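Below are the chains, spelled out letter by letter.
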Amino acid sequence: MIVENTQIQMRKGILEYCILSIISRGEIYASDIIGELRDARLLVVEGTLYPLLTRLKNNGLLNYNWVESASGPPRKYYSLSPTGSEVLKKLDATWEELTYAVSKTTKKDIEQ
Amino acid sequence: MNKTVNINISGLVFHIEEDAYDALQKYMHEIKLYFSRSAEDTEVVTDIENRIAEMFSELLKEGSREVIVLGDVETIIAQIGRVSDFQESAEDAGEGAPADTASEAAGAEAPRRLFRDPDDKKLGGVCAGISHYFDWDPVWLRVITALLTIFTSGIVAVVYIILWMVMPPARTLADKMAMKGQRFHLSNFRKSFDEEMSGVKATFNQLKNDVSNPGNATSFKKLMNELIDLLVRLIRGIGKVLLPIIAVILIAMGAIWLISTVVSIVGLSGFYRSDLAGGFPLNIVEPQYQTGFIVSAIAVIAIPAIALLLLGVRLLLKTNTMNTHIGLGMLAAWIIALGFTVFYSTSTFTDFQQGASVRQVIEFEPAGQTTWYLQLDEYPIANHGAPGLSSEGFGSSGISERSSAPIHNFSYTHRFAPWRNYSRDLDDWAELQEDIYEVDLRIEQSITGNAALVQVLNSRGENFNTAVENAEKIRYGFDRKDSVLHFNRYFTLTPGALWRAQKVDLTLQLPANSTLIIDKKLRRILENHELYSYDFGKVSKWVVTSEGLKPFETIDTAAAQLP
Numbered sequence: 001m002i003v004e005n006t007q008i009q010m011r012k013g014i015l016e017y018c019i020l021s022i023i024s025r026g027e028i029y030a031s032d033i034i035g036e037l038r039d040a041r042l043l044v045v046e047g048t049l050y051p052l053l054t055r056l057k058n059n060g061l062l063n064y065n066w067v068e069s070a071s072g073p074p075r076k077y078y079s080l081s082p083t084g085s086e087v088l089k090k091l092d093a094t095w096e097e098l099t100y101a102v103s104k105t106t107k108k109d110i111e112q
Numbered sequence: 001m002n003k004t005v006n007i008n009i010s011g012l013v014f015h016i017e018e019d020a021y022d023a024l025q026k027y028m029h030e031i032k033l034y035f036s037r038s039a040e041d042t043e044v045v046t047d048i049e050n051r052i053a054e055m056f057s058e059l060l061k062e063g064s065r066e067v068i069v070l071g072d073v074e075t076i077i078a079q080i081g082r083v084s085d086f087q088e089s090a091e092d093a094g095e096g097a098p099a100d101t102a103s104e105a106a107g108a109e110a111p112r113r114l115f116r117d118p119d120d121k122k123l124g125g126v127c128a129g130i131s132h133y134f135d136w137d138p139v140w141l142r143v144i145t146a147l148l149t150i151f152t153s154g155i156v157a158v159v160y161i162i163l164w165m166v167m168p169p170a171r172t173l174a175d176k177m178a179m180k181g182q183r184f185h186l187s188n189f190r191k192s193f194d195e196e197m198s199g200v201k202a203t204f205n206q207l208k209n210d211v212s213n214p215g216n217a218t219s220f221k222k223l224m225n226e227l228i229d230l231l232v233r234l235i236r237g238i239g240k241v242l243l244p245i246i247a248v249i250l251i252a253m254g255a256i257w258l259i260s261t262v263v264s265i266v267g268l269s270g271f272y273r274s275d276l277a278g279g280f281p282l283n284i285v286e287p288q289y290q291t292g293f294i295v296s297a298i299a300v301i302a303i304p305a306i307a308l309l310l311l312g313v314r315l316l317l318k319t320n321t322m323n324t325h326i327g328l329g330m331l332a333a334w335i336i337a338l339g340f341t342v343f344y345s346t347s348t349f350t351d352f353q354q355g356a357s358v359r360q361v362i363e364f365e366p367a368g369q370t371t372w373y374l375q376l377d378e379y380p381i382a383n384h385g386a387p388g389l390s391s392e393g394f395g396s397s398g399i400s401e402r403s404s405a406p407i408h409n410f411s412y413t414h415r416f417a418p419w420r421n422y423s424r425d426l427d428d429w430a431e432l433q434e435d436i437y438e439v440d441l442r443i444e445q446s447i448t449g450n451a452a453l454v455q456v457l458n459s460r461g462e463n464f465n466t467a468v469e470n471a472e473k474i475r476y477g478f479d480r481k482d483s484v485l486h487f488n489r490y491f492t493l494t495p496g497a498l499w500r501a502q503k504v505d506l507t508l509q510l511p512a513n514s515t516l517i518i519d520k521k522l523r524r525i526l527e528n529h530e531l532y533s534y535d536f537g538k539v540s541k542w543v544v545t546s547e548g549l550k551p552f553e554t555i556d557t558a559a560a561q562l563p
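Line by line, the protein sequences are chains R and Z.
Using the working numbering, the letters of the first sequence correspond one by one to residues 1 to 112.
Using the working numbering, the letters of the second sequence correspond one by one to residues 1 to 563.
Pulled out of the complex, with its shape left as it was, chain Z reads as follows:
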C-alpha cells in the first residue's frame, strides 16, 4: 500500500506515488532551471510538460493502470533526457543551436573547472590543466616550472606531485569542455545567484498559492517541503555569492598558517643545531621524546592548515581536490599526532609539579671596611657550559670536557664576545633567553657583619628530590679577586640538563658602611629597588646602610675633586 498524490500536468490529472512525485518534482525543477533564460525557454518547458503528460497517459493506458510509479518517471526521464544530457549533446552532437541559445546556456551551466589535461600532457598534464584554467600558454608554465624545480631544489616538484594527486583528470568530454569552459568571473556568480533567486521566487509563489488554497490533504507536508526548499535555495543563492570570498579567506588563512609553521620549524631547527639559544625551548622536553614531540607538534599544527588550504581551493575552483581517503587519512594522522602531543606535554608538565631550592653561602674572609668593586660579565650562554641538549646531542666531546672545568677559568676568554652580535636576527629569542637564564642580585646589609654571597638555586621537578637534582644542575660563574667581585649576568645548566624553570637568586651581604663601586651594567640584574630613583651614571660610589644602598659619592663631587 502506497500513498499517492494528485498532480495536474498540462490540464490532465494523474495519481502518482509519493516517491515518484518527488523524483518528478526534482526533475522538473532541474529542467526549469536549465530553461529559465528567455520567453523561448518557457515555451520549451511547456512543450516538455505536455510531452510528459502525454507519455504518462500512454504508459497508463498500455499497462491498464491508474497510478504513476517511480519506474514511469524514470522512463520519461530517459526519453526526454536529463539536463546533463542536454549539455553533453550540446557539446558532443552539436545539438544544432549555434552560439546564441543552447550552447551558450550549456556554457553558463559549465563554469571552467581545474582538470589535468590528458590530451596535452608532458608528465601528468598538471601544467596543461593550469594553463587552460588561466588561459596561459602551457609551454611557458612548463619552462617556469622546470626552472623553479631546479632553483628551489625540488620543492616545486613536490608541489607538482601534490597537484597531480589532487587534480582530477579530464576523462569525459564534459570534463574537457569544463576544463576550457567559461572563465571564472564575478558576473558568473551573479548569474548563478540570479538563477537561484528566480528559483526562490518560484517556490515562494507556489508556497503562497498553497497557503491561500488550503484543504489539500497533503498540504501540510507539502507546505513544509516547500518551505524547506525555499530555505535551501535562499541559502544556496547567498552561498554562491559568499563562496568565493570565504574560499579566498580560507586559502589565505591556510597559507599564512602553513608558512608561519614552516618558518618556526626552520627557526627551531636553527636552534637545534646552534647552541645560541642555550637549548631553550627544546630542553624542556626529555631528549628521548624530543624528535617525537617535534614531529607530532608540527603535524598537529600543519595538518589543519593544509586541510584549510585544500578546502579553500576546492570551494574556489569547484574541483574535488581531496578525495575521501586522503581526507580520512589526514584526520587520522591529526588525531594520532594530537594524542602524542598531549602525551608528551602531560608527561613534561608533571616534571614541573614540585619546587625546591638549594642554598649555597660563599663567605668572604673578613676584609674590614674596604671598597668593593662589582663587575658584570656578559658572554654567550652557550659558550660556557652549553646548557640543554646541545653539547650532548650535537656538540663535540670537547665542550663537555671544558664545561667540567671551573666555569670562571675560561669565561674570561669570551668576555668580550657580546652574544647579541651572533644572533641579531634572533633578537626576540635572545630576549627570552635573557629572561630565562638571567640571575637576580640583591645587595643588603649583613646581620653578622661578615661579607658573604648567598646563592639560592631554585628549580622544579616531578618530586622534591628531582627538583633538588635539577637545581643542582645550575652552574653559575661567580669570581672574586680580593675586593673585586665578578658576577655573571646569566647562569647555565649542565650539559644535557632539562630546563625545569631554574632560577638563581643572589644576595650579597656586606657589613654596614661598606662602600661599593658598581659597574653600570650590573643594574641589569640588580633588584635593589631603592636604587632606581638615582641616576646610576652620576653616582660613583655607594654605601651599605640598614635601609639598603645609598649614594656615597657622585660624579660631580668626584669631578670637583679631580683638578
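This is chain R alone, in the form it adopts within the complex:
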C-alpha cells in the first residue's frame, strides 16, 4: 500500500501541472483536455475532469468563456488567468528541479 500511496501522491501533482500546461496553449474546451489526457494515459473518464477544472477555476487559476456551439448548449472554454500563468511558471521551474533531482538520483548507479 505504501507503493500505491506514493503513486497517488506523484500523480496528483503531475495531473494538475499537465492540465495547466494544456490550457496554457490557449483557450480549450473540457472534452479536448480529456482527449489529450487520455492520450497521455493520465485520465480516462470525463467525469473526473470536471470537478478538477471547477476547483482550479474557483482557486483563481483559470478563467472561462461561454462560446456558442453549433451542436448543443454553449461550451465553457477555459484559459489561464494571470495567477494561473504565474503558478504554471513556478510549477515549470519546480518540474525542472524535480526531473533533475530524479534523473540525478535514479541514474547515479549507471553513471558511476
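In short, the hints are calculated from the structure, not lab data.
One thing to keep in mind: the hints can contain errors.
Said to hold, decoys possible - Mimicking SDA-like on lysine to any residue, the simulated pairs with C-alpha atoms at most 20 Å apart in a straight line are:
hint, chain 1, residue 1, chain 2, residue 2
1, Z, K121, R, V3
2, Z, K520, Z, T554
3, R, K57, Z, V45
Just so it is clear, the structure is predicted and the values come from calculations on it, not from any experiment.
Fit chain Z to the given chain R structure using the hints.
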C-alpha cells in the same frame, strides 16, 4: 415501435426512448448523489449535463436520427464515466484533487469494509483483514489467535476457517481501499442519511412540480414512478439509521441462541454419559432414533441461529458474509433436519396415545392393631436399576445384572447417599426428575380390615398392550420388616425401558384405629390432604380413622410423659 419521452437537458429538447430514459435518469441520479456536497459540485453537475446534451446532439447529427436510444446513453456513460470510475480513478490515478474535495468524497462513498488482505497474509489474510478493520496491529491479533487456538483446543481454528470462508478477499484496488477506508462511525450513518434525505427532497420537489403542471402525456406513469422512488428513498434513508441497530440486535440474538444451544447440548451429553438423570429426557425417544433425533433437533435449532448471526454481521459490516450456495445449503439442511425432527417426534408421540394401569396388591398378614412405622428411603434413581438407556447403552453389564436382583436388597447400600450432592449444578433437572419419578402415597382405612399396599402402575403406549408392557417395566422398591414399612421416594424403569409417562400410585390400606409413626420425610410423597393442616413435626403418632388420619399423640404430650 417504441414509446418516446421528451426531455429537456440544458435547454435542448430530446426525444428519448423509454428504456434509454430510465437508464439516463438512473445515471444522473447517481451523478447528483455523488456530487451533492457543495456549490462547487452543483457547477460540476451542470457541466456534465451540458456535455451530455452536446454529445446527444452530436450523436443524433452523426446518425441522422431524431431519437435517443439506449445505446446512445451507454455511449455517453462510457465517455463521462460512472460514479464507481470516479472513485477508482480518484484512488488509482490520483485524479489530481488533494484531500479536500474529490478524494474525501470518494472516501465518504467507500466506508470501511471487512476483507481478507492478500498482500499481508500469513495464512488466509483473515487476521490482517480484521486488523485493518479495527486499526489494530496484525501481529498482536495473530499471536492472540495462535494462543487461543492452543488454549481452546482448536475451536478458534474452526472460527478462523469459517471467517476465511465468509470474508471475501480484497481483489481489486477499490476493495483494498475500502478495506482501509473511512472508519465505521455513527457520523457516517448520519452523512449517508443526509444524502438519502437530500435525494428525497429532490424527488419530492420534482413530484410537486409534476403535480402542479399536469397535462404531460406521460405524467401519470411518471408520477407513479417518482412516488415509488420517493418511498424507496425514504425507506432507504431511515434504513441507514436503523440498520446498525437492527444488525447488532440480530447478532446478539443469534449469539445468545447459539450459545444456549451449545450449553444445552453440553448439558444433555452430560446426562447421556452419567446416569444421574435416570435417562430422562433422552429415554423418551426410542434408542435407534436417539442419535438421529438429537442431531436433527440440534440442526433445527442451530441453523437459524447461525443464519441470524451471519445476517447481522453482513448488515453491520456491509460485507457479503454468505454466498448463495452456503445460504441455500443451510436452508436445505434445515428443511431436511426439520423433516427428520417432525418424523421422530410424531413417531414418538404415537407412543403416548393409549393409557393403561396395572394393579398389584401386597397383603400383609394380620398384624392386629399394631403401630406401623413408615420410613422413606431416598437414594439416587440411577443407582438402582439405572432406568432408561444408560445401562444398556453405556453402563457396564454389571449394572443390568444387579438390577435384576430384588431391588430392596441393594437399595440399602445407597441409602445414605443423597443424590443431590452428586448433581448440585443440575438442580433444575433434579427437580424435574423428582417430579417425574416420584411416587404418590395415600393412607386410608381398610374396608376389609386387612392391611395391604395397593400399587397402581400407570403408563402410556401406542396401544393398550404396549401401555401395559410399559407399565410392567416400572420397578418400585417397597420393603416390610414386620411393622416397619420402607417406602422409596422414587420408582425406576427397567434398563433400556422408554419413558412413557409412567406413574406409581400407592395406597396403604390399614385397619381402623391402627396407629402410625410416620417419618417426617414421608410427607413428600404423602397425598393425604387432611394432614396438611397439622404440624408434622409436632405429631409423633397418627391414627387411622374413616375420615383419614388424625393425630394420636403430639410431641408435647410425649415430652410430658418422658420425665
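Structure-based check of all given hints:
At most 20 Å may separate the alpha-carbon atoms for a hinted pair to count; Z:K121 and R:V3 meet this at roughly 17 Å. Annotation: proposed proximity of Z:K520 to Z:T554 holds, straight-line Cα distance about 13 Å (limit 20 Å). A C-alpha spacing of about 15 Å is found between R:K57 and Z:V45, which places the hinted pair at or below 20 Å, so the restraint holds.
Violated hints: none; the structure is consistent with every hint.
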